[in-house]
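**Student:** One letter stands for each residue in the lines below.
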Amino acid sequence: MARVAVQADPFDPGAELARLLAGRTDIGGIGCFIGTVRDTAEGRRLAALTLEHYPGMTERAIAAIAAEAERRWDLAGCTVIHRFGRLTPGAPIVLVLAAAAHRAPALAATSFLIDWLKTRAPFWKQEEWEDGATAWVAAKEADDAAAASWDQTSPGFTAG
Amino acid sequence: MARVAVQADPFDPGAELARLLAGRTDIGGIGCFIGTVRDTAEGRRLAALTLEHYPGMTERAIAAIAAEAERRWDLAGCTVIHRFGRLTPGAPIVLVLAAAAHRAPALAATSFLIDWLKTRAPFWKQEEWEDGATAWVAAKEADDAAAASWDQTSPGFTAG
Amino acid sequence: MTETAPLTIRYFAWLRERVGLAEEQLRPPAEITTVATLIPWLAGRDAAHAHAFAARATIRCAVNQEFATPQDRVSPGDEIAFFPPVTGG
Amino acid sequence: MTETAPLTIRYFAWLRERVGLAEEQLRPPAEITTVATLIPWLAGRDAAHAHAFAARATIRCAVNQEFATPQDRVSPGDEIAFFPPVTGG
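Quick mapping for you: the protein sequence lines, in order, are chains R, X, Z and L.
Numbering that gives the first Met the number 0 puts the first residue of the first sequence at 0, with every later residue one more than the last.
Numbering that gives the first Met the number 0 puts the first residue of the second sequence at 0, with every later residue one more than the last.
Numbering that gives the first Met the number 0 puts the first residue of the third sequence at 0, with every later residue one more than the last.
Numbering that gives the first Met the number 0 puts the first residue of the fourth sequence at 0, with every later residue one more than the last.
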């Protein structure tokens, strides 16, 4: 079973790694991804990023994504921690860990998890620039393409 | 410039990550891979893995691999720490970190670094089984194929 | 006579801002049985809802916290959420 | 008359075990100018060297701490290392 957490507080990557590895001697590789807030977006200086999410659905959606990773690869464990709230440049947003007996599934599952999180977990980012203006981040076609590369199915649907 | 270390001592992934991120607000993603000693090899129980290396050349080879990653991707930083000596199951062997403005180059560089380390850094593993027998690990064709997938050039040469 | 349970309608990100509400409890008429029929009914409530639902191609939906399609059914007591394409990670 | 600098020959992993040495200083004859010509000369030194170099297809080489090919030159003072394919990571 994956460890999933959705929280406003920072996470501790070293502690999460230790938790995943504790008492395990069957793991050969751990892949990891950490997403952080960058200080620029389309050439403008960012003051902060505010992440809104859908409490309840978020945890379910992440657990489903992690379960799909565990179905596709023989994982010894995986961890997904995603933050919400107002985060300033340099702050960590998301942590993904995937452990397996060998490096190939660990690294593939790590890429898969972050690609699907970007397109299937109900989070929305609002950018706040240094001049005080704000704007909701539009979904990126590149993210949809990255997520779709793992599957034939579309990552979303059009309501209209 | 990459941070490269070859050491007998354990490393601290959380501290290395903090070191890579310290004072940086231009990083959007960090890819990471940690290799650990598994307790089985071809169905036999492993007591330990002893890593021999070529002091001097090892550091040069890893620095060259990291420089190649920095040439191929626009990285904000990268770290490679590789241990040597006798390591027991569960022990970490290698840490790779690659930071970039976006997740795609961070994850690609992480995979590249570990694939090339496996085939281009002068380390040799000796397995020690629970019955006391020892054997040098043979290079895996799968590793050569993974490393070669990044390039047209061969990862080694045949002396004879 | 027992009244049917209301729908809980939730809005996120710019849909929440445009509607001016994070959540509302509504009882649509009996002929509203799918996401596809619910949307124009909601859009017809007032100018704020009309504005929120104007860009339908960029609106996503969840029924009871699972991503849904326009054909998915909507039943009394359900939690229906509308939001823009997600941008987490 | 000045003596030329010796080659430093280093062995790793099972090559080290078979030769029975981690390192030796040697002065091969003047006609040994490449890795390809050095190997049979080393293999001819004694039974241990012959055993070490028997499986030539699985032996790799470095000259002055850079991976080398059989055609690479070997000059007095160089550090030449022989080892099996690497298995780190």
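It is worth saying that the hints were derived from the structure and are not from the lab.
The C-beta atom is built at its ideal place from N, Cα and C for all residues, glycine as well.
One should not assume that every hint holds.
Examples of chain Z residues toward chain R, derived with CB under 8 Å [to be verified]:
| hint | residue |
| --- | --- |
| 1 | 5 |
| 2 | 7 |
| 3 | 11 |
| 4 | 36 |
| 5 | 40 |
| 6 | 43 |
| 7 | 61 |
| 8 | 62 |
| 9 | 76 |
| 10 | 82 |
| 11 | 84 |
| 12 | 87 |
| 13 | 88 |
**Student:** State for each hint whether it applies.
**Tutor:** The hints, checked one at a time:
The interface hint given for residue 5/Z is broken, as the beta carbon of that residue sits about 18 Å from the closest beta carbon of chain R, more than 8 Å. Hint on residue 7/Z is violated. Least Cβ distance to chain R is approximately 12 Å, over the 8 Å limit. Given hint, residue 11/Z at the interface with chain R, holds; its Cβ is 6 Å from that chain's nearest Cβ, closer than 8 Å. Below 8 Å, beta-carbon pairs count as interface contacts, and residue 36/Z has none with chain R, the closest being about 12 Å; its hint is therefore violated.
At its closest, the beta carbon of residue 40/Z sits 13 Å from a beta carbon of chain R; the interface hint therefore is violated under the 8 Å criterion. Hint status for residue 43/Z: violated, given a least beta-carbon distance of 15 Å to chain R, over 8 Å. Interface restraint check: residue 61/Z against chain R, minimum CB-CB distance 6 Å, threshold 8 Å, status holds. Hint status for residue 62/Z relative to chain R: violated, with the closest Cβ pair at about 10 Å, above 8 Å.
The interface hint given for residue 76/Z is broken, as the beta carbon of that residue sits about 15 Å from the closest beta carbon of chain R, more than 8 Å. For residue 82/Z, the interface hint holds, the least distance from its beta-carbon to any beta-carbon of chain R being 7 Å, beneath 8 Å. For the restraint placing residue 84/Z at the interface with chain R, the shortest Cβ-Cβ distance is roughly 3 Å, inside the 8 Å limit, so the hint holds. This hint holds: residue 87/Z has a C-beta 3 Å from the nearest C-beta of chain R, less than the 8 Å allowed.
Here the hint on residue 88/Z is kept, as its CB sits about 4 Å from the closest CB of chain R, short of 8 Å.
Going through the hint list in order, the structure does not satisfy hints 1, 2, 4, 5, 6, 8, 9.
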